[in-house]
Structures are given as C-alpha cells and as structure tokens.
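S.K.: Take the given structure of chain A and dock chain B to it, following the hints.
Spelled out from the first residue to the last, the chains are:
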Amino acid sequence: MLTPGLVLLPLAAAVLLACLPRRMSIVRAVTFVALAAQIMAMGAIYLSASAPVPFEAAWLPSLGSQIYLYADGISVQGLMVLTTVLVAAAMAELYLQTDGSSSARMALVFVVAAALNLLLLSRDILLAAAAHGTAGLALAALLGIGSGLAGQTAARRFANQAVVGTILFSAAAAILAASSGSTVIDDLTRIDPAPARMAAMLLTLAIALQVPLIPLHIWLAPVVAAGSVAGRTLVLGGWCTAGAFCLLRFGLGLFPDLLAYAAPIPMLWGVATIVYAAILAIAQDEEDLLRRLSWATLATGGLLLVGVAGLETQPVLGAWMQTSTQALPRVGLVLLAHWITSTGARRASVAGVWVVLALVVAATPGAGPFPGWLLVLGGTTNPVVVGVVLLAGATIGYALILPATRLARASAGPAMPRPLSRLLAAVMVVVALTGLVPGSWVGRARPDIDSLLERIVETPSMSDDASTDGEAHDLD
Amino acid sequence: MPAPMVKPMTWTDLQSPELAPEALLTVVALLLALLDAALWPRRASRAGAYATLLGLLTALALALHAWDRPWRSDTLWLAGDPLAAFADVLILCGAVLSALLAVGAQVSSQRAGTAILILLATLGAMLGAGAKDLLTLFVGLELSAISLLAYQALAAGPGGGHGLRASLRFVGPASVSTVLTAVGIACLWSSSGGPDFDVLGAGPTAATAARAAVGGGLLLAGLALRAGAVPFHLWLADVAVGSAPSAAMLTLSVGILPALIVLGRLVAGPLATLVPELDSLLMLMAVLSSTAGALLVLPQRRLRRLLGYAVLAHVGFILAGIATHAGEDPFSGTTWMQLAALLPAVAGCLAVSSLAGDAPGITASGLARSQPGQGVLLCLFLVALAGLPPSLAFVGRSALWSALSIDAPMSWFMMANGLLLAYGLIRFAGRVVFDEPLPVATPPATAATVAAAVLSAAVLLLFGLWPLPIAQAAAMAAGAG
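So the sequences go chain by chain: A and B. Read in order, the letters of the first sequence correspond to residues 1 to 476 in our numbering. Read in order, the letters of the second sequence correspond to residues 477 to 957 in our numbering.
Treat the hints loosely; a few may be bogus.
Stated by the list, open to error - For the chain A half of the interface with chain B, some residues (derived, Cβ under 7 Å), not all of them: (1) Gly146; (2) Ala177; (3) Gly181; (4) Met198.
Worth flagging that the hints you see were computed from the coordinates, not collected in a lab. Virtual Cβ for every residue (Gly too), placed ideally from N, Cα, C.
Chain A on its own, in the form it takes in the complex (with noise of 0.2 Å):
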C-alpha cells in the first residue's frame, strides 16, 4: 500500500505548507519531514523483495476508468528519478531562489511531485490525463509566481501547452473508453482501428508537447531560460522525464502496432528534431547557457524517439534509460546556469563543474546517459540515420561544452554558495554510479519494456485493418 503513499505524502504536505504560517522554519520542517519520507517510501518500494501489489479503488466507472495504481521496473526507475529531482527543486527553492524561498511556491512543488508521482504509477489513461493536467497548471503557477515579466511570459506559454495536452490526452482516453468501455492499459488489449488511430493521433501530439519534439517545443526555450528556479528545475527533471514515461506507457504500450505501421516516420521524426537541436544549440549565443541546455534537453526527446521507433528491446531500453538517467544531470546544469547567470560568476572552478555535467548530459563513457546512449545507437539499423545522430549529439555535446573556455578566462563574481556545491557533488556522485553500474538500471526496466513489446504480435488490430484495406505491410 506504498503506491497511493507516494501521492498522498506530497499532496498532505502541500496542503499542510498552505495551511501552516508562512515562516520559514515551518517551511523547512514541512519540507524536510516530506523529503524524508518521499525517500523512504520509494525506497521501501525499490528494495521490496516481493512484486508489487497493485492498488486498485473504483474512480468513475461509467468510463470504466479506475484507480490503478502499480510500480512495475520502469514506473520505479521513473519515480527514483522523480524524487532526486524533487529534492533538487525544494532545495533550489529553499537556498537558491534569488528573492528568497516561499511557502506558496514550495506548496507547488509538492503538488507537482504528487500529480506527476500519479502520472507514473497510474495504468488508466484517464487518471493519467488528470495527473498530466494538475501537474502542468501547477508548474505554470510555481514557474510564474514571485518572477519577473519573461517568468510570467514563459509560465503563460507553459500553462498554454500543458492544458493544450491535457485536452488531447483526455479525448484521446474518452475515445478509448468509448470504443474498449475502459480506461485501464491492460484491459486496452484490442481497439478497434478508428479508435485507435483517432486516440493515437491525440495521444502523439500531447506527448509531442510534453517530451517535447519539433514543433511543438516552442514552451520550452522560455521556459528554460526564465521562471523560478524550482520550476525550471522541476520542467527539466520530471516534466520531460515524465513525457518520455508516458512515451513508452501509453504510446508504445497501446499502440506498438501503429508505431511499426508508421515506419519510419517516428524514426525521421526524432532524427529531425535531434538536427534541428544541435543546430540551434551551436548556433545560440555563448553566452545564453540555459537556451544552449533547453536544446540539449529537445535533442534529448529526439533521441528517445529514435530509439522507441527501433521497437527491438535494445534500443527502447536504451532510450529509456537515456532518457532517465540525463535528468540529473540536467538538473544539475540548469541551477548552475542560473547561478552563473544571475551573479556574473566566473573561474575555473566553475567552468570545471560546468564541463563535467556537460559531458555527462553529452553522453560521455563512464557517465549515467552512456549505456542507454549506446544501446540505442547500438539498436539502430540504419547506418545514415546512426551516422547524423553521432554528429548531431557531437555537436551538442561541444556547443554545451564551448562555453567553459569563457567561464575559465576570468575570475569574477561570488564564490559558489555552499548547497549549491553541495547539490552539485550529490548529482556528480548520482550521476558516476549509474553510469558505471548499471546492471540494476537495465534489469529493473527489461522485463517490462519486453512485456510492452510483446504487444506488437498480441495486437493485430492494424495489420488486421491493413490487410482488409489490401494494404501490405511487414512490422519486422
């Protein structure tokens, strides 16, 4: 019964930080009781040595839609990321937000963790459109609150696109829920071909908004470079992460076939926007480190789609596991910018910790985005397609990289403040040990992104409608 703990501990604690007096030593106390328990439930769920037991409670059954709750490997990997970025966010909040932290926003960044906690556990699409919708209103909220007129800008933009996504998401689950009678994935085992495509389309385009892919990345350039530091935070780490999540749940977990019969458009998709990524990202001015990261972070979505398209367990698994681990990371360079940017601070130091995340959010040997990195190029069959995204993420990797030699010419500014450094060395540490162990990383997420494969063969509804239609087609 941890499951539906790890969405009401958050929501408790943000109704609490609402409720409570607005100083700051009740905001810390809260803030820490919650982190501290967040952590040990999601602990007690990665080390429980028995399979997890759904947790299912009726929640609107003229939809056929339930409350069902279960943490398989990637729903767990998934959380894990999500609770290192919350943690990053409240401390960003507490000790790096340039006016000073409050109560209001830190209630947010709790209702997000829950909303999105919801987002990965649930197996019914329409709860999942719910938990997609509350966690971008109130990321919206928490990036535009307390921020000047380019955070207001940006939160609009964002509030824009995530409402944009929740309507589609839940037409795409009603439309389902229509022509199923529910709304759970495991009861979605045969659509029928309207419906499908029609939900399918739906689907794509909210979880194009949300990875995000060309051109529906417009939101995140801003976003990225304006808003409160916990919102930007909380975008990076667990918004896209979480796209990437719903990518395999519930776009290669309900419509493998349609995914194959696309072939290769999901392919030259992600290509398309890898390219466009590194093209911007060499092109943006040098001195902009958060636009140069929010188009690493779009290359990063191009990738996840490249590999997804692969529909061989190598390179899902990879992309997954890309995708995942470069949320740290990612992290972890957004507050750095930010720091740099808000106070002008320049030296080596700097640049040194600067150049390691870049390199680790590049994909180099030894850290975490590296296996899955790997995999998927490993995975992909097409020599031209693996050749551009070597070049494509070369080039990424130098544009993120570029622009330490300025960092590294002066000496100016502030010294780094102390939970900053702090934060840093944790994700660094994070960051070494998934990349040089991650034996438990790929078992936990194998069996279940092989379970979402074996759809393909399960599902004939398209190759069914294909075949009717005279129009031939070969998923291997």
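M.R.: Relative to the frame of chain A, chain B by itself:
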C-alpha cells in the same frame, strides 16, 4: 384514443417523501410572505435571507433523504424517480448558494423581503423539472421565471440600476419563451389528446403529426430561449454582468438549469418521436452555442461578462450531451456530471466577484497578489469552467468526449471549442495571478460569501479527486427512465 385515467391527488401523495421538498418550500414561502406582510414596515435586516437559507437547506436535506428510496411510478403531476431527485438536489444546491450570496450582500430595508422570491423561483424550477405533464411544466417554469424576474430587479437594492436593466433585458426573452411554450403546449395537447408526457409520443396520428412536430419545435425553442442557447443567447451575458451575484446565480439554478433538464427529459422521451432530425438540430445548436461562447470568452477582460459567455459555452456542451442520447435514456450521466460541475464553478466565481467589490467592470487582474486567497479560489473556479483537472468539471468533460462520435465532424468542432474555451479561461487566470493589481477598494468580506466560495471550491476539488459518488448518482438518475 381513450383518455388516460386521472387519479386525484390525495393527502397521502402530498405526504410522500419524494414531494416533501416541494411541499416544504411552499409552506415556508407562504409563511415568510405572511410574516413579511404582518411585520410591515420592513427593517434593514438579513432575517428574511437567513430564513430562506434555512428553508432551502431543510428542503435539500429532505431531497437528499429521498434520493435512494425506491422509485414511484404512481405519482401524479410530479415524477418520483431518481432523475427528479437528482434534478431537485441540483436546483436546491444552486438555490442554497444563491441564498448564501444573498445573505452576504449589503443589508437594506428595500431588499429585506426579496429573499422569499428565491423560494418561489426554486419551487417553480423543481415543479418544472419534475413535471409529468405539460400543464405542470408550464406552471412550474412560469412561476420560476416571474419570481426570477422580480428578484433580478429587486436584489440589487436601492440605486441598483444595473439590476433593473438586467431584469429588463431578461423580460423580453422570458415573455417570448412563455408564448412559444404556451403555443407549443397547445399544439402538442391538441395533437396528442392529452397533456401527459406518456401519451405525447404515442398520441399523434398521421393527420396530426405535423401539428405535433410544430408544437414540439415551439416547445423546444421556448426551452432553448430559457437556457440561453444560440441563437437565443443575447440576454445571457447582460444578465450575468448586471444582476447582483445572488440573482445571477439564481438565473443559472432556476432559469437555465431546469430548462436544460426538461429539454433532456423531453428529447429523450416524446420529442424524439415528434420532431424529425431532433438530435441533429440539437447538435447544431450545441456547436453554435459552444463556438459562440468559446470565441466570445477570448477577448473578455471583465470577470462577469467572461462568466456569462463561459456559461453559454457550457450550455452548448450540455446540449451536446443531451443530443448524443436523444431517444435513448432520459439523461446521460454525461449531462448530469456537467451540470453538477457547472453550479459550484459559477457560484464560486460570483462569490469571489462579490468579495472583490462586485463592480460591473471588475477585471480581477492581479487579484492573487492583492488578495491571495481570493485569487487562488478564482483560479480554481476558472480551471473548473475550463473543464480541467483536478476539478469535477474534468470528469464531466471527459465523459462528454466519450459520448461524442469520432466520425462526426460536429464532435471535432466541440473538442476544438473545448480547447478554445480552456485557452481563454486559463489566459484570464494568468491575468489574475500575474498582472499588477488595480487600485480598487474592496469591501470587508462577509462570512456567508466566503462560505459560498469555500463550499464551491471544496465541492469541485473533493468530487474532482473522488467523483465516484456523483458518478453513481448520475448513473442511477440516467437509468431512471
């Protein structure tokens, strides 16, 4: 065709628990009217509003008590099924919120007795929504319309020119609606041989079918006028802007709501057979209403006008829910869920508008900065009107999407309108949160208005996170026919 056997209403029927809320409201309204006349001249006090609130709360408790009782098909005039029970509960909830807003309004001797009109309007709406024949329907709707008109004009108090103007704006459509409904009822009665809903569908012969279709069409137009659907929507935003918050809330709960409920019952029953292509006609009206509402929400900077157009868009969504189930069940669960979400969202917006000063041109920009609590509540209500999570409206809207056919272009229009409406409302919420607050003097918050806002927010959030009880009640009501 043999005339249906008419059984006279007995004292036992009046004592039946299904009719207890109506009986109680009648007694309380008469009693308060007598007291108001006996204790002349009126003093500036809230006693009348509190007595009205108490009466409505008691009636609501009785309605909730009767909810899960076995259905009765032997009642005369008024239905005693879960559908009628759900309608009674919804109307009473709206009336209670309206009475709370009335209690929270400024005190004056002129408006001390006006709260009694809330009771009469609610009684009329409940009679109309639960009617089993055309005459009871007409009497109920007229009682609520006349009481509502008088309340709109008087609730603004001395110097409330806006309220009077809003009432005058409403009087034209209400009169036209009365005429259309009366002529429609006459046509239907003469073509079917009786006023009972049960005989309407089966009564007309080939010779009288055209008259029945005309009658059904006129009745439909009369109800659409009361509901404010396009092309009969021109009064809606003006009433939302000009009326006092309690009068605006009452317009929704006893004006628009019963019209939609009756429309749903008739469309699923006799009108489906009498009026050809009824579902297409209703869907067209739904698309036009939701499109007009969503498009008109976009440029609004004033809260009350925005609310008026948002309600118009919702009328479109509810009509779409009714159209998708024309001729099937009396009401789809979809429609009930949407109505249940609309009431607290509108009441909450009106309560916040009242707390923030209730000037007709209130923009609420920067309200979250000057009054954080009110700003947060208003954002929640706007999110609910947008049909987004974590509010109850998300569930209702998702149920509507599932009821629409994906092959019909109209369905995609509805979804696009849902997106547009959500965009407009979230953009407005952005102004509430981020803009600089305007220097507007705000009156001290009254406990009743705060209670209305908090109650609405609690209902929206609680049932948004746990919609099962409402979904089950809606499913039960939908299966009543």
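S.K.: Confirm or reject each hint.
M.R.: Going through the hints against the structure:
Annotation: interface hint on glycine 146/A violated; nearest CB of chain B at approximately 10 Å, more than 7 Å. With 7 Å as the threshold, the beta carbon of alanine 177/A comes within range of chain B, its nearest partner Cβ sitting at about 5 Å, so the hint holds. At its closest, the beta carbon of glycine 181/A sits 10 Å from a beta carbon of chain B; the interface hint therefore is violated under the 7 Å criterion. Interface hint status for methionine 198/A: upheld, as the beta-carbon distance to the closest one in chain B is roughly 5 Å, under 7 Å.
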